[in-house]
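A.B. asks: Sequence:
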Amino acid sequence: MISTAPDADWPDGLLAAVEDAGLNATAPPQQRWLDGWLVRTWPGSARRSRCINALGPGRRPLADRVSEAERLCRTQAVPLLFRITPFTQPPDLQGALATLGFQAVDLSWVMVTDRLEPRRGNDPPGLERVSHETFAEIVGAMRGTPSSDRTLLATRLHRAPVEHLGFVLRPSPEAPPSACGQVVLDGPLAGLYDVVVAASERGRGWGRRLCHMLLDVAAAQGAQRAYLQVDAANVPARALYRELGFRDAYTYHYLERAGDPTPPHAHPAPA
Numbered sequence: 097m098i099s100t101a102p103d104a105d106w107p108d109g110l111l112a113a114v115e116d117a118g119l120n121a122t123a124p125p126q127q128r129w130l131d132g133w134l135v136r137t138w139p140g141s142a143r144r145s146r147c148i149n150a151l152g153p154g155r156r157p158l159a160d161r162v163s164e165a166e167r168l169c170r171t172q173a174v175p176l177l178f179r180i181t182p183f184t185q186p187p188d189l190q191g192a193l194a195t196l197g198f199q200a201v202d203l204s205w206v207m208v209t210d211r212l213e214p215r216r217g218n219d220p221p222g223l224e225r226v227s228h229e230t231f232a233e234i235v236g237a238m239r240g241t242p243s244s245d246r247t248l249l250a251t252r253l254h255r256a257p258v259e260h261l262g263f264v265l266r267p268s269p270e271a272p273p274s275a276c277g278q279v280v281l282d283g284p285l286a287g288l289y290d291v292v293v294a295a296s297e298r299g300r301g302w303g304r305r306l307c308h309m310l311l312d313v314a315a316a317q318g319a320q321r322a323y324l325q326v327d328a329a330n331v332p333a334r335a336l337y338r339e340l341g342f343r344d345a346y347t348y349h350y351l352e353r354a355g356d357p358t359p360p361h362a363h364p365a366p367a
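Going by this note's numbering, the first residue of the sequence shown is number 97, and it counts up by one from there.
These are calculated hints, taken from the structure and not from any lab test. Fair warning: this is a prediction, and the values are worked out from it, not measured in the lab. Fair warning: there could be bad hints in the mix.
Unchecked claim - Between beta-carbon pairs, the in silico distance windows are: (1) E213 to G355: 46 to 52 Å; (2) S268 to A173: 40 to 46 Å; (3) E224 to G152: 39 to 45 Å; (4) W106 to H308: 21 to 27 Å.
Idealized CB from N, CA, C, for every residue including glycine.
Turn these sequences into a full structure, and let the hints steer you where they fit.
C.D. replies: Okay, structure coming up:
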């Protein structure tokens with residue numbers, strides 16, 4: 097059984113700010129409000145950009161809101177997913193949705209660092225900043241995602257409300273990338289996203305080296321803390337992040353309805 101106990105008594109204000117930063121970092125071009133629900137229907141592979149975040153208790157009957165949200169998702173051919181966090185309103189929403197056939201899947205941890213050490217200087221050697229289009233192509237190739245999803249990712253990054261800095265790490269200037277990742281800046285917080293190591297390069301320490309570099313970039317840009325989101329079952333990744341100073345802050349998971357069809361474009365993707 098996976099523990100869901102945080103590592104420390106984190107200040108509520110800090111965790112709420114981290115949750116806001118995560119929502120900003122994954123904001124898609126198309127989303128709308130539905131009686132306290134932030135409904136995201138972006139047809140990409142990242143579930144954080146195609147789910148419902150219940151941020152207010154709402155006034156309409158639950159069944160009516162679910163029906164309207166289902167209609168919105170159907171028009172964009174995305175599944176009806178709810179993201180459940182410690183900030184979900186009302187707190188008993190999961191139980192209410194369970195009566196409508198929704199079940200919990202895919203537990204993830206949000207991990208947060210203590211204060212980052214300030215750093216000045218250029219990007220570390222071997223680290224190369226790339227455009228949104230180039231980053232989307234590289235991370236898509238490493239993950240084996242279709243070209244349509246790579247285009248959607250580049251579009252989402254261009255239109256995001258916060259700054260995304262995409263990087264690749266190469267063993268030499270002429271070599272293909274061994275790893276890639278993003279730093280997303282939002283005031284004093286920096287998020288690490290899309291940290292991926294090429295299949296042929298795994299087990300050689302590239303992920304650790306890249307994360308160190310990304311944290312240096314975040315500190316140089318003035319970030320005071322960093323956060324990331326990781327599958328709770330990904331034990332090796334969580335161990336690495338602990339070595340880098342991240343600690344468990346809070347969990348989230350999704351609710352899906354058994355029997356709902358999977359859209360044709362959907363495929364396994366990071367949480």
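A.B. asks: Hint by hint, which ones does this structure get wrong, listed from lowest number up?
C.D. replies: none
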